[in-house]
Amino acid sequence: MEIQSVEGFSKRDLEKALQRLKKSIWVFHLNTGSCNGCDIEILDVLTPWFDVERFGIKLVASPRHADVVLLTGPITVKALPRIAKALRAVPRPRLVLAIGSCAVGGNIWFESYATMGGLYNVLDMLQESGITIDKIVYIPGCPARPEAIIYGVAVLLGLVKPKSHYRKVKA
Amino acid sequence: MIDMVKFVKVIPIASKVGTVTIRYPYDKPLVTESFRGAIEIDPAKCVGCGACTRICPPKALTLVQEGNTLILRYFVGRCIFCGMCADVCPEKAITITKEFELATDQIHDLYTDVEHELVECERCGTKFVAKKLLDKVKSIVEVLPEDRAKLCPNCRRLETLSRAATPR
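Taken in sequence, the protein lines are chains A and B.
Note that this note's numbering has the first sequence beginning at 1, numbered continuously upward.
Note that this note's numbering has the second sequence beginning at 1001, numbered continuously upward.
Treat the hints with care, as some may be off.
One-sided and incomplete, this derived list gives chain B residues near chain A with beta-carbon spacing under 7 Å [said to hold, decoys possible]:
#, residue
1, 1078
2, 1097
3, 1100
4, 1101
5, 1107
6, 1147
7, 1151
8, 1152
Okay, derived cross-link-like pairs now, DMTMM-like style, lysine to aspartate or glutamate, Cα gap no bigger than 25 Å in a straight line [to be verified]:
#, chain 1, residue 1, chain 2, residue 2
9, A, 85, A, 51
10, B, 1059, B, 1115
11, A, 23, B, 1042
12, A, 168, B, 1042
13, B, 1059, A, 53
Keep in mind that the hints were calculated from the coordinates and are not lab data.
Remember, it's a predicted structure, so these values are computed and weren't measured experimentally.
From the three backbone atoms N, C-alpha and C, an ideal C-beta is built for every residue, glycine too.
Given the sequences, and given the hints that come with them, work out the whole structure.
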């Protein structure tokens, strides 16, 4: 049987796929040079204390089984090819939760020669190499609280409207 | 045989402890007195001195000059919630809130801008300081050389030197 890769993934297809993804999302944890603070918080979310399995969220070991990638860390230069490899294996729609200050804006390493300074800076690079990320939710926090991560998942699935928005005030 | 029923020991312990899971979206999350969340800048109090931008470890607070305005830009996506900006602010314009539900799908939602009016140098026309900061300094300093207050640092230096060089 010939396997066809899905190249053309229209907006309508994406909306359809997102509608189907309301419950029981499977997550894959991808550390890209994180200090392990956010990883411990992700572990916290999976424990019986916060118990995300009541929402059907389950940790899987392979990106091929995953709906959502939990990305932590500022994306070091060494980790970049591995991230591309892991993200390529995720089936469409490709959803990413960028957890922690590092994954969002690079944290204190945003100017370093050894890191890419967050996921936002590598999006174009990934797009050029054929990896389209359909939706990203940025979760700030150093580390992000377990509640903040659960809130981020709710934002990703469209269950709540994000609270923060751009503000411009005159002094 | 004994090994097989070892797990039975857990049952009385589990029934004693009961359910520990917190119902996060419905229950209030545990936020203690010392918890630090996103900061909030009071635009009425901020003078645009930039003390917070110098202390900020990840440069989440930056001063950007765009045309005639000086913008104090706060990018919460890079903030490490250390609270040093609130400590160092001379006007106490920065307060630490308990907000942590900051997740959003658009990265520009994470920015907050505070716009300041700039003062133009009377001689060369460079914009060098926020108007509010100049007014603040004027109100604090008793003996202020009024004629040189509205000159940029470079012009002020030249002016002072030329006055010292010319004999009276």
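- [ ] Could you tell me which of the hints above the structure violates, numbers in ascending order?
- [x] Violated hints: 2, 6, 7, 8, 9, 11 and 13; rest satisfied.
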